[in-house]
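Please model the complete structure; the sequences and the hints are all you need to start from.
Protein chains in written order, with my numbering: chain E, 1207 to 1693; chain Y, 13 to 326; chain X, 2 to 289.
Read the hints as simulated data drawn from the structure, not as lab findings.
Everything hinted at is true.
Straight line, CA to CA, 25 Å or less: simulated SDA-like cross-link-like pairs of lysine to any residue:
no., chain 1, residue 1, chain 2, residue 2
1, E, K1518, Y, R253
2, Y, K231, X, T289
3, E, K1532, Y, V49
Derived contacts from chain E toward chain Y, CB cut-off under 7 Å, selection only:
no., residue
4, A1212
5, A1214
6, L1478
7, N1533
8, N1649
Ideal placement from N, C-alpha and C gives every residue a C-beta, glycine not left out.
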Amino acid sequence: MSFEYAPAPESRSVVDIASSYGLFIGGEFVEASGGGTFKTVNPATEEVLAEISEAGADDVDRAVRAARAAYEDVWGPMSGRDRAKYLFRIARLVQERSRELAVLETLDNGKPIRESRDVDIPLVAAHFFYHAGWADKLGHAGYGADPRPLGVAAQVIPWNFPLLMLAWKIAPALACGNTVVLKPAETTPLTALAFADICRQADLPPGVVNIITGAGETGRLLVEHPGVDKVAFTGSTEVGKAIMRQVAGSGKRLTLELGGKAANIVFEDAPLDQAIEGVVNGIFFNQGHVCCAGSRLLLQESIAEEAVDALKRRLGTLRLGDPLDKNTDIGAINSAAQLARIDELVSSGEDEGADRWSAPCTLPERGWWFAPTVFTGVTQAHRIAREEIFGPVLSVLTFRTPDEAVEKANNTPYGLSAGVWTEKGSRILWMAERLRAGIVWANTFNRFDPASPFGGYKESGFGREGGIQGLGAYLAVDDAHDVGAGR
Amino acid sequence: MTTPPLELSLPDASPGSLRRFLHGLPGVDEVGANARVASLGTRSIKNDAKAWAIDLAIRMVDLTTLEGMDTRGKVRAMCAKALRPDPTDATVPSVAAVCVYGDLVATAREVVGDRIHVAAVATAFPSGRSSLDVKLMDTRDAVAAGADEIDMVIDRGAFLSGDLALVHDEIVAVKEACGTAHLKVILETGELRTLDNVRRASWLAMLAGADFIKTSTGKVTPAATPPVTLVMLEAVRDFERATGRRIGVKAAGGIRTSKDAIKYLVLVNETVGDEWLTPDLFRFGASTLLNDLLLQRQRMASGHYSGPDYVTID
Amino acid sequence: MTDRVEVRKTYKLFVGGAFPRSESGRTYEVVAADGTFLANAAKGSRKDGRDAVLAARKGFGAWSAATAYNRGQVLYRVAEIMEGRSAQFASDVMAAEGLDAEAAARQVEAAIDRWVWYAGWTDKLAQVLGSANQVAGPYFNFSVPEPTGVVVAVAPQDSSLLGLVSVIAPIVATGSTVIVIASTARPLPAITLTEALATSDVPGGAINVLTGDPAEIMPWLASHADVNALDLTGVTDADLAVTLEREAAGTVKRVRGPQADHDWYATPSLSRLRSFVETKTVWHPMGT
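In structure tokens form, the structure reads like this:
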């Protein structure tokens, strides 16, 4: 007697995608000067969604100049109270248009509508609300009585949480009095372009927010532009390092939010059913396209077998398919390139002798898909335990004692996040103290909030986004040029 | 879902053994359990799936009246409805059972014959505050009157004060008094308060011989809730893996709408699997739920919204 | 005044709580502001740097595990020792910077007071830089500052004691450990400081001081994968600063940039403390 869920598609009619888009500079959409374009595609169907402009050097220059003018003439002199009001307007507009934005995000990114609707878009609104409230209270934030903004911020964001990453960048920058030029990822520009329209609806002064589309080259031009005071980048560690080298000696402030290989540590006294939920959520939420994904499961050896059984059983109920279906748990991989990377690393796992198990799933014919996969028998020396896969692939390792768990968890150049599952309070705090990670989730995972600072240790980057600590990245708090650390 | 067996050293009946076993079970993180339930609550069940779920839910209802003012007349009317919920539509299935106080069992049996189950509450329902002798007599009377299911209550006072052996032994005794009748053990989760307690009480009841574990008497708020039911379903799932026995779960009290009922069916489906999607292993203890199921059924069949005049009050 | 022949000091490195010579065996001449020969200071090599990193990493274990209260007491003791040696410090500063007695004394006093100021910060950082965060759900969420780890710092070239202390103290106040490259031309006050450190309770490896040429040693330290952060305050060569930031990018180190003109007498902001902490945020559900 099988309970089949009927298709429950969210309607596409709520979105209106233009066939082509220009660049949003100085408060309006303008044509790119170079004439280069590229297409953005629905990864679940490979259908072309729209043609996107590629910003060249002249366009980048134009955008930075627009941001500079807006900073000097309007936004910089504006009171915090008034800046706050614009941010509140934007937050409200995001809420009003939330259904449209969620569908658009799912179409462009491939993530399930349930996630865009219940996680991404609500957090976007929350980030604007939270930072709106700070705009006129910066003197209370511990950075001095009247901390000043930096000027023009260049912001480059990834494709995994497109609109949310935009919110994490733009909300604090604007709240602190900076203006921005933001480049969304080339595979996911549509919600950023919709956001441009929201800025227009909010009557945000022209040039305060500029959205320029393009790929790696556009990002490089933007980061290098001498008219930029601050660079904020979220993306791969490899590109982050390149940006840091580029920016060296320029006097530009820099924050980086890079990759991770988080350990999710489950002790024998863990609340096991919730731990399994947390593990599944930790690596399969958003198809594993999460920098802070719990991609290494460290199981205490005494319960390892039982936990792996429970995990496989739970994975058997995951539903992979049409991202627009409200019952879908696992959506599409964002691009063919990303799928190839996942395939390569998964092959290496098999070659290196780990045991692979994949959830039985029917993969749709078109689009890019990868079934949730678990590797057991993994050790620290395996590539799949070391390199960020950025896909729905979990590597399972074991440990014997708390200190061994800490050692293994910390034995990586990354340090973004970690998970700890145990019912013993003293152990939670002991582990949290020793894990070298910017976020420690204890008996939970993948929780985000604008009030909660997010960012990594070591090669996962520096600087924090969110919370009182995140404001420092956008304020001129010292005459020393500081490219990173706990601000 | 076939899964490998669970290696557990089950306790013997001594108090220390029982306590060690139950306290050795994994804890439940309340926030995590609530989050899981919320996530499953977003499943969108439409069209054919919804129609199927509604009919299944109807077949799982234990149509219930447990009031001081119950009379033979009231019970007869409810039983008629239980057999044929919608007089205008013969395709509507009968419910699983009627559920009444022990002294009205005979009346219920007269109406329903052998077509559906007759469940009686017993053991000094709802409080459970009485001597074991009285509880056993309550049980025997109901069985003699024709009940083929007994819904007993555990001694919550004993549970909360740690006298787990007493709780266990009472269930064993009541099961014996049931004879061939099936035993549902009501945990009264609203008084147990924590999900850890719900997990322990579930295992305790199953170890003592319950055929079904049931959330609530319906006389205490909160009664059935999805998180509590989730924990009970997990316990039932693990018990099967440890012993090979399948125990049923009954969610009772506070489930009023079809939407609620469907959420529970999704919980069952994704926690313990579709083998439990049968009245033999899952029940709703409800009174107003049935009418909402009928209204939804009518809407799906006719295409327009129905109204209270189109369902019978009993 | 006698004709007594003085016993002159050999100026060595300070690594892991001990005073080794440079493994390269090299030295360089240190002269006073007026050109008189003062000493041959050790000329630190990349291997000295490597050894210093090992010592600093080892020292980090003990230093960061100590309570903040304990670190504060240790740092205060350094100030006590410095106070006792004021005259020696003043004489070093006079010679190094060509100051008169009064100006030198003023610098020494400011340096000791600076040290005391930072000693008082150790157990307050979490209250000022940390937070309990009001998240929208049943979670207890808190952020705490933690020491970043091993920091390599280039001390200011001109302010041989006050600038030096202003760079070292905030780093160690956070619980991080440091390898300081002293001012190339004016290293002697730094070496006197190491004597004060060695006789205080600062654990070995918490503070290490190398003398020599930053242009030689720093690129190795900037690329060293077991160094967590760089403080380039005293780097005066803009090209070197760029090179070092680029090297640092290879392991995503935190970099605090050069700061040439700075009034070291002014009360510091929290900026240097912030530079060498990592914020860790912890979530825990609140349920029954």
